[in-house]
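Asker: Place chain B on chain A using the hints.
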Amino acid sequence: AQTVTQSQPEMSVQEAETVTLSCTYDTSESDYYLFWYKQPPSRQMILVIRQEAYKQQNATENRFSVNFQKAAKSFSLKISDSQLGDAAMYFCAYRSAEVRDKIIFGKGTRLHILP
Amino acid sequence: EADIYQTPRYLVIGTGKKITLECSQTMGHDKMYWYQQDPGMELHLIHYSYGVNSTEKGDLSSESTVSRIRTEHFPLTLESARPSHTSQYLCASRRGGGAAEQFFGPGTRLTVL
Chain A
257 AQTVTQSQPE MSVQEAETVT LSCTYDTSES DYYLFWYKQP PSRQMILVIR QEAYKQQNAT
317 ENRFSVNFQK AAKSFSLKIS DSQLGDAAMY FCAYRSAEVR DKIIFGKGTR LHILP
Chain B
68 EADIYQTPRY LVIGTGKKIT LECSQTMGHD KMYWYQQDPG MELHLIHYSY GVNSTEKGDL
128 SSESTVSRIR TEHFPLTLES ARPSHTSQYL CASRRGGGAA EQFFGPGTRL TVL
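Protein sequences appear in the order of chains A and B.
Going by our numbering, the first residue of the first sequence is number 257, and it counts up by one from there.
Going by our numbering, the first residue of the second sequence is number 68, and it counts up by one from there.
Isolated chain A (complex conformation) (with noise of 0.2 Å):
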């Protein structure tokens, strides 16, 4: 069975700095998705960032972007130029391409953003 772990229960990082969200996960399969969710305080759970697994380029989007390595099945969040919007839950996720109705969370990182 897969499983995906999370091993930062919670980071601070100062504003406009850059902090990285580790993420790890196990599975035997060689296609599958990963993605980052984020979690607002009371709001509601939004996607940052997904990536491919048959795909070697890192995913980016804007200040977001990934670190894919997928022998070592790591699949870390760096956040440039950090807002205090960027406060929350991040959830690191798991889909595999054979059983897609099924995607598999980490337990999450809390990310506080330091004025």
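Don't take every hint at face value.
Derived lysine to aspartate or glutamate pairs resembling DMTMM-like cross-links, with alpha carbons at most 25 Å apart [claimed, not checked]:
| hint | chain 1 | residue 1 | chain 2 | residue 2 |
| --- | --- | --- | --- | --- |
| 1 | A | K358 | B | D70 |
| 2 | B | K124 | A | D282 |
| 3 | A | K329 | A | D282 |
| 4 | B | K98 | A | D287 |
| 5 | B | K98 | A | E354 |
| 6 | A | K329 | B | D126 |
| 7 | B | K124 | A | D357 |
| 8 | B | K85 | B | E139 |
| 9 | A | K326 | A | D282 |
| 10 | A | K334 | B | D70 |
If you want the footprint, here are the derived chain A segments under chain B, 3+ residues with CB under 8 Å [unchecked claim]:
| hint | segment |
| --- | --- |
| 11 | 297 to 307 |
| 12 | 360 to 370 |
Treat the hints as calculated values from the structure; they're not laboratory data.
Cβ atoms here follow ideal geometry from the backbone N, Cα and C, with glycine treated the same way.
Answerer: Just chain B now, kept in the frame of chain A:
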């Protein structure tokens, strides 16, 4: 903002009551999901649906039931609420396709006294 809605947003109810948490989406998505999430904690999948008249149990055992009579509507029912059901319930939907993202509703925070 995603077009997925949940009502009520907050519910405080006594033990033994029957409750239904509503979830609707206007995006025409076939796949819908219910998650249970304690505040600040991980999400646990409790039910999902591939489409109309299709429902499956998720990874976390739940005493709740769901139905999917219409594409846009995926209500969750607890026949007899207990304090152990106190949690946040998140509804989500997505279209087909492996890389398709899930859109989440705002959640229902349930407290059973």
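Asker: Tell me, which hint numbers fail for this structure?
Answerer: 10
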